[in-house]
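Engineer: Now for the letters of each chain:
Number of protein chains: 2
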Amino acid sequence: MKKGDTFTIPFEVTEKVYRGFTDIFEDRNPLHMDDGYAKGKGFREKVMYGNILNGFISCFIGERLPEKNVVLISQDIAYAKPVYLNDRLELRAEVEDVHDSVGIVEFRYQFVNASGVRVARGKIQIRMI
Amino acid sequence: MKKGDTFTIPFEVTEKVYRGFTDIFEDRNPLHMDDGYAKGKGFREKVMYGNILNGFISCFIGERLPEKNVVLISQDIAYAKPVYLNDRLELRAEVEDVHDSVGIVEFRYQFVNASGVRVARGKIQIRMI
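In order, the protein sequences belong to chains A and B. Numbering-wise (the numbering used here), the first sequence opens with residue 1 and increments by one. Numbering-wise (the numbering used here), the second sequence opens with residue 1 and increments by one.
Just so you know, these hints were derived from the structure itself, not from any lab. Treat the hints loosely; a few may be bogus.
Just so you know, same-sequence chains aren't split out, so a pair can sit in one copy or run between any two.
List time: in silico DSSO-like cross-link candidates among lysine-lysine, alpha-carbon distance up to 30 Å [claimed, not checked]:
no.: 1; residue 1: Lys68; residue 2: Lys16
no.: 2; residue 1: Lys2; residue 2: Lys16
no.: 3; residue 1: Lys2; residue 2: Lys68
no.: 4; residue 1: Lys68; residue 2: Lys46
no.: 5; residue 1: Lys16; residue 2: Lys39
no.: 6; residue 1: Lys81; residue 2: Lys123
no.: 7; residue 1: Lys46; residue 2: Lys16
no.: 8; residue 1: Lys39; residue 2: Lys2
no.: 9; residue 1: Lys68; residue 2: Lys3
no.: 10; residue 1: Lys41; residue 2: Lys81
no.: 11; residue 1: Lys46; residue 2: Lys123
no.: 12; residue 1: Lys3; residue 2: Lys81
no.: 13; residue 1: Lys3; residue 2: Lys123
no.: 14; residue 1: Lys3; residue 2: Lys16
All chains should be modelled from the sequences, with the hints used to inform the complete structure.
Structural biologist: Encoded structure:
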């Protein structure tokens, strides 16, 4: 991988992903469970867990890179807009820097929904192992 | 919540969490699946997904705060040491700052394993809704 390399990867917040996340992490905050509550807070319907996007990052780093011998070092995410059930998202990532001497690669990324709205963005650092 | 408030919350990386995460996010990188591969890379056995910790953060923010009307704004995590299957972790979080005028609360946190080793640390921003 080299600076400027880009990756565009589709993800979908399916019922399976939503229910699976709820089941394993046991976050039943009404924002994520109750359409009426979410509407009362100004959202269209119940809002998906932001950390579903971090799960997609796991898949991106572990499965979608040309290099499999990697480990996550750090990551950050800023949530800009809500994500809803069945949203189709595109992860757009770009290699921002490569530090060959220490085997570190840095990405900048964003998630964009089907309406072209950026719902989140952040950075990821990985290390070659 | 006010500056200096602390939260200490136990989490366990159970088989259910590990298998559920693999199933929904489809990250089958050998580091997470293959003990032999992980040993060859210097780890004790297969390494758990870092983003399982971000799932625990979701539970912390959504379920374990005194205030339920909250939404994640941003978060970051730096991975320091590997987490293994069945590890019992303690999330130690502290309110670092409260911006009452905009309803923002900032936390600093770390995850510590049963041997007292800090495996990850980071910050979280939430907003009252």
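Engineer: None of the hints should be skipped; say for each whether it holds.
Structural biologist: Consistency of the hints with the structure:
Proximity of Lys68 and Lys16 under a CA criterion of 30 Å is satisfied in both settings, with 26 Å inside one chain copy and 25 Å between copies. When the C-alpha separation of Lys2 and Lys16 is checked against a cutoff of 30 Å, the pair qualifies neither within a copy, at 35 Å, nor between copies, at 37 Å. Taking the shortest alpha-carbon separations for Lys2 and Lys68, only the intra-copy value of 15 Å comes in at or below 30 Å, while the best inter-copy value is 44 Å. Within a single copy, Lys68 and Lys46 get their C-alpha atoms only as close as 36 Å, which misses the 30 Å cut-off; across copies the closest is 15 Å, which meets it.
Taking the closest pair of Cα atoms, Lys16 and Lys39 come within 30 Å of each other only inside a single copy of the chain (23 Å); across copies the shortest separation is 32 Å, beyond that limit. Both within a single protomer and between protomers do Lys81 and Lys123 lie at most 30 Å apart by alpha-carbon distance, with minima of 17 Å and 20 Å respectively. Taking CA atoms no more than 30 Å apart as the test, Lys46 paired with Lys16 passes in both settings, with 16 Å inside one copy and 25 Å between copies. Taking identical chains as interchangeable, the C-alpha atoms of Lys39 and Lys2 lie at most 30 Å apart only when they sit on different chains, with a minimum of 28 Å there against 44 Å within one chain.
With identical chains, the CA atoms of Lys68 and Lys3 are at most 30 Å apart within one copy only, with a shortest distance of 18 Å there and 42 Å across copies. In this assembly of identical chains, the alpha carbons of Lys41 and Lys81 lie at most 30 Å apart only when taken from the same copy (14 Å versus 39 Å across copies). Taking identical chains as interchangeable, the C-alpha atoms of Lys46 and Lys123 lie at most 30 Å apart whether they share a chain (27 Å) or sit on different chains (25 Å). Proximity of Lys3 to Lys81 under the C-alpha cut-off of 30 Å is found in both arrangements, the shortest distances being 28 Å within a copy and 27 Å between copies.
Taking the closest pair of Cα atoms, Lys3 and Lys123 come within 30 Å of each other both inside a single copy (14 Å) and across two copies (28 Å). In this assembly of identical chains, the alpha carbons of Lys3 and Lys16 never lie at most 30 Å apart, being 35 Å within a copy and 38 Å across copies at closest.
In summary, the numbered hints that this structure violates are 2 and 14.
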